[in-house]
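Undergrad: In case you want the letters, here they are:
There are 2 protein chains.
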Amino acid sequence: MTDDVTTLAWAYLSRVAEPPCDEIATLVGEVGPLEASHRVAAAEVSDALRERTAARRDIHAAEADLNLLERRGGRLITPDSDEWPTFAFTGFGGAAVRERPQGRPPLVLWAIGPARLDEVAERSAAIVGTRACSSYGEHVAAELANGLAEREVAVVSGGAYGIDGVAHRAALAADGPTVAVLAGGIDVLYPAGHSSLLHRISNAGLLLTEYPPGVRPARHRFLTRNRLVAALGAATVVVEAGVRSGAANTAAWARALGRVVCAVPGPVTSASSMGCHVLLRGGAELVTRADEVVELVGRAGEFADEEPRPTGPLDGLSDAEKQVYEALPARGVRSADEIAVASGLAPTAVLGPLAMLEIAGLARRDDGCWRLVRTSP
Amino acid sequence: MTDDVTTLAWAYLSRVAEPPCDEIATLVGEVGPLEASHRVAAAEVSDALRERTAARRDIHAAEADLNLLERRGGRLITPDSDEWPTFAFTGFGGAAVRERPQGRPPLVLWAIGPARLDEVAERSAAIVGTRACSSYGEHVAAELANGLAEREVAVVSGGAYGIDGVAHRAALAADGPTVAVLAGGIDVLYPAGHSSLLHRISNAGLLLTEYPPGVRPARHRFLTRNRLVAALGAATVVVEAGVRSGAANTAAWARALGRVVCAVPGPVTSASSMGCHVLLRGGAELVTRADEVVELVGRAGEFADEEPRPTGPLDGLSDAEKQVYEALPARGVRSADEIAVASGLAPTAVLGPLAMLEIAGLARRDDGCWRLVRTSP
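These protein sequence lines map, in sequence, to chains A and B.
Reading the first sequence from the start, the letters are residues 1 to 377 in UniProt numbering.
Reading the second sequence from the start, the letters are residues 1 to 377 in UniProt numbering.
Worth double-checking, as some hints may not be accurate.
Because identical chains cannot be distinguished in the list, a pair is counted as satisfied if it fits within a single copy or across any two copies.
Computed cross-link-like contacts, SDA-like style, restricted to lysine to any residue with a CA-CA straight-line distance of at most 20 Å [stated by the list, open to error]:
no.	residue 1	residue 2
1	LYS322	SER335
2	LYS322	GLU285
3	LYS322	ARG364
4	LYS322	ASP58
5	LYS322	PRO347
In short, the hints are calculated from the structure, not lab data.
Produce the entire structure from the sequences given, and follow the hints as far as they go.
TA: And the structure:
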């Protein structure tokens, strides 16, 4: 069957060069996977691609790889699959991001699990953090993942010890979809102490990797894998992280991909919150509970828009103040809770902006409610 | 002596209407304090001012008030005094802020203490927070105030229980200048449990109020007083605060006055950090230690400038990323620490931006240092 031949071609291409491979992606874009696999196997390709595929050109393991995958109840998700999601490798940095080899969508994804990738990618958040987390971090990660799962937001993470594992477990406990992206082959469950957790994810959620079977996790693969965690979450939430950490790397990817980066604050006396505070000082969204993440996930993408720069009384207002200002009724009054609903902000997040608008003479408190103060245009 | 007569006039005007009083400030601006006091006493003023001064027009307590102040070793600081600082009641909101009666500098300040007001106002930060603080809040407030005092930054606060008191005490312990702004008369030490602390401040720092002797603190006076705490600190740092709190009010004033608003993060599980997290979500600067506050205090005012909006490879970078990008050397390499120095950011605050610049292809790591990557214009 053509389908099988094409799938075999994708599987061959997945192993023939260390992913992600720019040159293969480009060739597949030009001639399709089947023709691309023939040309690579025959070494009838550009010098650069010939060099990148020299070592594995003659490894024809596609059939064995796909058999192994099938025996485990898995499937190869390719750009031809119905469930292939939109990987938005654009955003801040634009061309500069795409020019870097890692700044590419995966060629294919080796997958096991009942969840459909396009569906989970549509409503998802990555929860990541340090392996050496505190009990505070564990508590917050579990609360967040549980809250997201209850609101049917898929929890994406890396399957690691610490925050990752807590997040996956809490999502599973709430019967929510959870996705673990591995840094090695689908049959190499890493870390070993999480093999039972990863099995549970493959039974209830989705286990994913761009590496063909048998590939061992390695340092550069964790960093490359992080871009997929970031790309699959509409937002990336860092719960606890050291200053130099994998979680900070995932957050940097999320930022580069135009995804929302969130961080949970913690005690300034705690080393495991330092990375979060650095991210927050760099502009990440401060989140304290699942609701706030759901808000951001629900409207992901809007953040990439250029902000309007009005000149006038609203100039200099923060985003939150503008949102609250615009949520004030044209006439009559509204309660703070109603303004929260209208603005899309959390009820607790509208009070500060309201006080500032009052001081600026743009809003007025009226019998416990709030009204707009007209300003001359 | 003319001076005495003028001082008596200021003292009379300070009591004749509840401060701050727009109409008196305007009248003094037009005809000077002496003539203003005559006109007010004779009720030869606008209807509005006649109404506002009706109740106290015939109270001639200026001499007694000044005698009391002198007996306590104090002085009346007026716009005529050498040490009168620049009160920048401008900034975001502009005219709207000034139009509100509280959006005014004080008419005069009743003061006791060896510190000169203009000197402390030149290099100062307000540290404020909830009375019901946690031991975490106490610890952080003490660390911050101690660090600021060591760097000769005056610690301004409200003399209240909780965070305020901890901040004053830590500044005193480090022999640093500290300023308490009261919400009542200089002879009404409130709260009573802090009378010994306030005495120490009046011996080593500065005790200030815009209210004449004998005036009792009242709810609206705390809110009015908060604007002075905000105005006297180049930055206002909220250490711990509930969502609706005096500290949040002080922060709103600081924001409205174009001063830097800072907040210390804490556990998301702690109610006394909720107000801080709301402020941070609203755009306050996240600070974790005194150094970061000193940085902000050292360059207060720069924040009021309109940000440039370049179009090109830097478009979409956060402020921190732009700062770091601009701190990269035109040729050769620089260490992260050198970039921190050049950018004015904390050493820990440049690592996140550097990682993001690297992903965007704008910076490159080179043997532990960093170099600029040229982009086509």
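Undergrad: All the hints need checking, so say for each whether the structure fits it.
TA: Status of the hints after comparison with the structure:
1. LYS322 - SER335: within (17 Å within a copy, 39 Å between copies)
2. LYS322 - GLU285: Both. Shortest intra-copy (17 Å) and inter-copy (18 Å) distances satisfy the 20 Å Cα cut-off.
3. LYS322 - ARG364: within (15 Å within a copy, 37 Å between copies)
4. LYS322 - ASP58: neither (60 Å within a copy, 47 Å between copies)
5. LYS322 - PRO347: within (15 Å within a copy, 33 Å between copies)
In summary, the one numbered hint that this structure violates is 4.
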